[in-house]
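**Student:** Listed below, chain by chain, are the residues.
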Amino acid sequence: MTEIGQERPSDDTALYVFAVCTDPEPAGVTGLPGVTDEWPVRTLPLGKLTAIVQSVRAAEFTDEVWQARLSDQSELERYARSHHAVVSAAAAACPTVPLPMATLYLGEERARHALNEEADRFRAALKRIAHHEEWGVKVYTPTGSPAQDTSNPQDRVPAPAGARPAPGEGLAYLRRKRGMQEKRERHLEDGLRVAETVDTELRGLAAAFRRLRPHGARLSVDQGVQVLNATYLVADHRADELESLAQELRVRTGAHIEISGPWVPYSFVGEV
Amino acid sequence: MSSRDLSASPGGAVAPYRSGQPAQLADVLERVLDKGIVIAGDIKIDLLDIELLTIRLRLFVASVDTAKKAGIDWWETDPALSSRAARSALQEENDDLRERLKQLESTADDAAPPALTKERRNV
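Those protein sequence lines, which keep their order, are chains P and S. Counted the way this note's numbering counts, the first sequence spans residues 6 to 277. Counted the way this note's numbering counts, the second sequence spans residues 12 to 134.
If you are wondering where the hints come from, they were derived from the structure by calculation, not from laboratory data. Ideal placement from N, C-alpha and C gives every residue a C-beta, glycine not left out. Among the hints, a few may not be true.
[As the list claims (entries may be wrong)] Between beta-carbon pairs, the in silico distance windows are:
{"hint": "1", "chain 1": "P", "residue 1": "H136", "chain 2": "S", "residue 2": "D106", "range": "50 to 56 Å"}
{"hint": "2", "chain 1": "S", "residue 1": "S117", "chain 2": "P", "residue 2": "S76", "range": "32 to 38 Å"}
{"hint": "3", "chain 1": "S", "residue 1": "R109", "chain 2": "P", "residue 2": "G36", "range": "36 to 42 Å"}
{"hint": "4", "chain 1": "S", "residue 1": "R109", "chain 2": "P", "residue 2": "L176", "range": "32 to 38 Å"}
{"hint": "5", "chain 1": "P", "residue 1": "E246", "chain 2": "S", "residue 2": "D106", "range": "50 to 56 Å"}
{"hint": "6", "chain 1": "S", "residue 1": "L108", "chain 2": "P", "residue 2": "K53", "range": "41 to 47 Å"}
{"hint": "7", "chain 1": "S", "residue 1": "S117", "chain 2": "P", "residue 2": "G275", "range": "49 to 55 Å"}
{"hint": "8", "chain 1": "P", "residue 1": "K182", "chain 2": "S", "residue 2": "L112", "range": "25 to 31 Å"}
{"hint": "9", "chain 1": "S", "residue 1": "T118", "chain 2": "P", "residue 2": "R257", "range": "28 to 34 Å"}
{"hint": "10", "chain 1": "P", "residue 1": "L176", "chain 2": "S", "residue 2": "Q114", "range": "25 to 31 Å"}
{"hint": "11", "chain 1": "S", "residue 1": "T118", "chain 2": "P", "residue 2": "E174", "range": "21 to 27 Å"}
{"hint": "12", "chain 1": "S", "residue 1": "K113", "chain 2": "P", "residue 2": "D77", "range": "32 to 38 Å"}
{"hint": "13", "chain 1": "S", "residue 1": "K113", "chain 2": "P", "residue 2": "T67", "range": "38 to 44 Å"}
Generate the whole structure from the sequences, applying the supplied hints.
**Tutor:** See below:
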C-alpha cells in the first residue's frame, strides 16, 4: 500500500519485516525511521494479523552487504537499535511477535504468502507471550573476590639483575602460583553456585526461562566475571515480585545482580 | 524502547530506576540477532564472533522467480559462508604455528651446547 505523494517502490525493492502484531494500525509505529530513509515504516495486512514492514533497496540487503554491515560495529549498532525501536513501539501498542533482524522478502506478494503460511505459529507465539514480559538477568561473582595475588608482599621482592636465585625461592614461587590458582578455582565454583541459586529462584517466578551465553564482561578487574546470563518470561503483574526477589538475592548472596527489561519477548517466540 | 536497569551496588543500596536509559547494546544484539549468541568483551564485539553471527543470522531473501522459501539453517551448508569461516580460522592457526616454530628454532640454536655443535659439524 503506498502513501499519497510517496514514490511507488520499484522492482529493485525488497520488504523488510520487523514484527507481526494484532492491531491493524498500531499507534506510534509508522512514524519511526526504521532501517532506511527512503520509504516509511508501514503495515501489511495479513488477515487477522498485521505485519510491520518497510520497503528497502534490495541491493542494500544482500548477503554480502549484510555481512559487511555486521562486521562494522557502528553499523551493527545502528541497525540493531533501529530494528528494536520499531519492534518495541509495536509491542507498546498491541500484542506483538518480534522477528529477528533482517527478515526480508522480494516483494509484498511473497511476504504476504510466506507470512500467512506462518499464521498458526504467530498465533501460538502471541498466546504464549500475552500479558508477559521478558526480563534479562546477569550475575557477577560476589565482591571481595581474590582475583589478584594476595600473597605476602615480602615473598615477592624481585631479585637484583644477574643474581642467582637463592635456594627455596623457586619452590616458594610455585607454591604461591598454585595457591592463587586454587583460590581462583574456588572462587569460580562459588560464583557458579551463586548463579545456580539465583537462576533456580527466579525460575520460580517465570512462565519460561532461557540461559544465554555469558558476555565475558567484567565489572572491573577486581570483581570477577559474569557467571550467569539468563532471561525470563514473567507475567506482567509479577514484575514487582521479580524486583523484590532480586534484591533479596543480592543481600543473601552478596552477588552483583543486574536486571534489564522489560523486553519484548524475543527469546520466547522462537520455539513455536 | 524501555529498559530499566535495577542493578544494585554491592552494599545492597538499590540504584534508582534509570528510566530512559538506553538498553545495553550487548543485550539488544543477543535478542535481535538470535538467542545464545556469544558477545565478547565489555561492549566491543569481536570480529570473529561477528563471522559466527552472520552464519546464524536468519536472513530470508526469497526468490521471486522460483518462490522458493529459504530454510532457517541454509547458510550452514552454504559453501561460500562456511568455507570462508573455516578458511580464516585455519589461516590464523597456520600463522600462529609458524610464528611459534620460528621462535622455537631460534631459541634452540642459541641454547645448543658447544659439544653438540661440534658433533654436528663433523657429520
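**Student:** Does each hint hold? Answer for all of them.
**Tutor:** Hints and how they fare:
Separated by about 54 Å at the C-beta atoms, H136 of chain P and D106 of chain S satisfy the suggested range of 50 to 56 Å. With their beta carbons about 36 Å apart, S117 of chain S and S76 of chain P fall inside the hinted range of 32 to 38 Å. Between R109 of chain S and G36 of chain P the beta carbons are some 56 Å apart, a value that contradicts the proposed interval 36 to 42 Å. Here the CB-CB span from R109 of chain S to L176 of chain P is close to 36 Å, well matched to the stated 32 to 38 Å.
Take E246 of chain P and D106 of chain S: their Cβ atoms lie about 53 Å apart, and the range 50 to 56 Å holds. In this structure, L108 of chain S and K53 of chain P break the distance hint of 41 to 47 Å, their C-beta atoms being roughly 60 Å apart. A beta carbon spacing of about 53 Å between S117 of chain S and G275 of chain P agrees with the range 49 to 55 Å that was offered as a hint. Separation of K182 of chain P from L112 of chain S is about 28 Å and conforms to the stated range, judged on CB atoms against 25 to 31 Å.
Judged by the Cβ atoms, the range 28 to 34 Å given for T118 of chain S and R257 of chain P is violated: they are separated by roughly 53 Å. The hint said 25 to 31 Å for the Cβ distance between L176 of chain P and Q114 of chain S, and at roughly 28 Å that hint holds. As the Cβ distance of T118 of chain S to E174 of chain P is approximately 24 Å, the hint placing it in 21 to 27 Å holds. Here the CB-CB span from K113 of chain S to D77 of chain P is close to 34 Å, well matched to the stated 32 to 38 Å.
Taking 38 to 44 Å as the suggested C-beta distance range, the pair K113 of chain S and T67 of chain P conforms, at roughly 41 Å.
Hint compliance for this structure: hints 3, 6 and 9 are broken, all remaining hints hold.
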